[in-house]
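Protein chains: 2
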Amino acid sequence: MSQDQTQTIYQGKIVSLEVQEGKWEVVRHAHAVAILALRNGKMLCVRQLRRAVGAHTLEVPAGLIDDGETPEDAANRELSEETNLQGDMTLLTRFYSSPGFCDELLYVFLAENLRDAPGTPDEDEDLTIEWHDPHDVLSALRDGRELGSASTIAATLFAVQHLQQSQEQRRA
Amino acid sequence: MSQDQTQTIYQGKIVSLEVQEGKWEVVRHAHAVAILALRNGKMLCVRQLRRAVGAHTLEVPAGLIDDGETPEDAANRELSEETNLQGDMTLLTRFYSSPGFCDELLYVFLAENLRDAPGTPDEDEDLTIEWHDPHDVLSALRDGRELGSASTIAATLFAVQHLQQSQEQRRA
Chain A
1 MSQDQTQTIY
11 QGKIVSLEVQ
21 EGKWEVVRHA
31 HAVAILALRN
41 GKMLCVRQLR
51 RAVGAHTLEV
61 PAGLIDDGET
71 PEDAANRELS
81 EETNLQGDMT
91 LLTRFYSSPG
101 FCDELLYVFL
111 AENLRDAPGT
121 PDEDEDLTIE
131 WHDPHDVLSA
141 LRDGRELGSA
151 STIAATLFAV
161 QHLQQSQEQR
171 RA
Chain B
1 MSQDQTQTIY
11 QGKIVSLEVQ
21 EGKWEVVRHA
31 HAVAILALRN
41 GKMLCVRQLR
51 RAVGAHTLEV
61 PAGLIDDGET
71 PEDAANRELS
81 EETNLQGDMT
91 LLTRFYSSPG
101 FCDELLYVFL
111 AENLRDAPGT
121 PDEDEDLTIE
131 WHDPHDVLSA
141 LRDGRELGSA
151 STIAATLFAV
161 QHLQQSQEQR
171 RA
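Protein chains in written order, with full-length UniProt numbering: chain A, 1 to 172; chain B, 1 to 172.
Bound-form chain A, shown alone (with noise of 0.2 Å):
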């Protein structure tokens, strides 16, 4: 496909929308972090108004990748201005938050060792911080009572994996 077949409709601070071929709608955006902290079978989580969806939803700590961090010092990060904690980060999983129309790409990770750190959250946002039992979260994503995102189910079905396979070694 030539470049010129690619019209840009706008370039924005966060997304930008292109049209590909006249017809194929494509909005850019920044790759991003999740990050899933685990302390005695609660998952850490940050309440915050989502103005996208005009609501207050539950997820875990996450952000984007800022130019030249990787998506691990970026996690770091992240951790440590929302919720002034830090630990040793390990990938999850990695995919595409709805490549039917969007580029970005998220990155979980589980924080282990959790450790204080400093940390302010950037001054838009107004976050609340909160530790569930990932069962919880789980049933509350499902019916509706909690509003979650991509990367927050996914690191609460890890949650609930990790939980049982630390379970099933101590009976061992």
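A hint or two may mislead.
Listed next, the in silico BS3-like pairs over lysine-lysine satisfying Cα-Cα at most 27 Å (straight line) [to be verified]: (1) Lys13(A) / Lys23(A); (2) Lys13(B) / Lys23(B); (3) Lys13(A) / Lys23(B); (4) Lys13(B) / Lys23(A); (5) Lys13(B) / Lys13(A).
Just so you know, the hints here were simulated from the structure itself, not pulled from any lab data.
Note that this is a predicted model, so its numbers are computed, not measured.
Given the coordinates of chain A, work out where chain B should sit on it, guided by the hints.
The following block gives chain B in isolation, referenced to the frame of chain A:
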């Protein structure tokens, strides 16, 4: 917030873009469904070119909810269109694909009691049907050997959980 503080930049076929209060970029997108279908320990996947990410992805069957359709109706229609199968649908979860900038809500269903159904993919779709072990899909997504979507990782984690539970029930 009054209506005149929202500026509509673009209204397209599948996305529209607005800027709220001169700074919040919001993409509006139809809600969507994805389907986990399991048979003999393998999950139903579709391989397809996704122009927005410039690559072939490995995903579970998925698609947009049409006007007037329930999520369950859409799941049945998409499953039969893409794979010529139908099944009994149970909601596994729902989540926003990327609530930081977009209002797309995804519903993931489990399809059980699979049976043949007539169906033809949309003319824009060029799909290959594949059945995979969910554990293989999980590691291929993590390692970047396969590219997937948010609903694919959610469906895959549910599949692993489902197979584990079936195994435990057989043991008990």
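For the pair we were handed, Lys13(B) and Lys13(A), check the Cα-Cα distance against 27 Å. With Cα atoms ~23 Å apart, Lys13(B) and Lys13(A) stay inside 27 Å; holds.
Going straight from one Cα to the other, do Lys13(B) and Lys23(B) come out at no more than 27 Å? holds (24 Å)
Restraint check for Lys13(A) with Lys23(A), where alpha carbons must lie at most 27 Å apart: Holds, at about 24 Å.
Holds or violated: are the alpha carbons of Lys13(A) and Lys23(B) at most 27 Å from each other? holds (8 Å)
Is it true that the CA of Lys13(B) sits at most 27 Å from the CA of Lys23(A)? holds (8 Å)
Every hint, counting from the list given before, is met by this structure.
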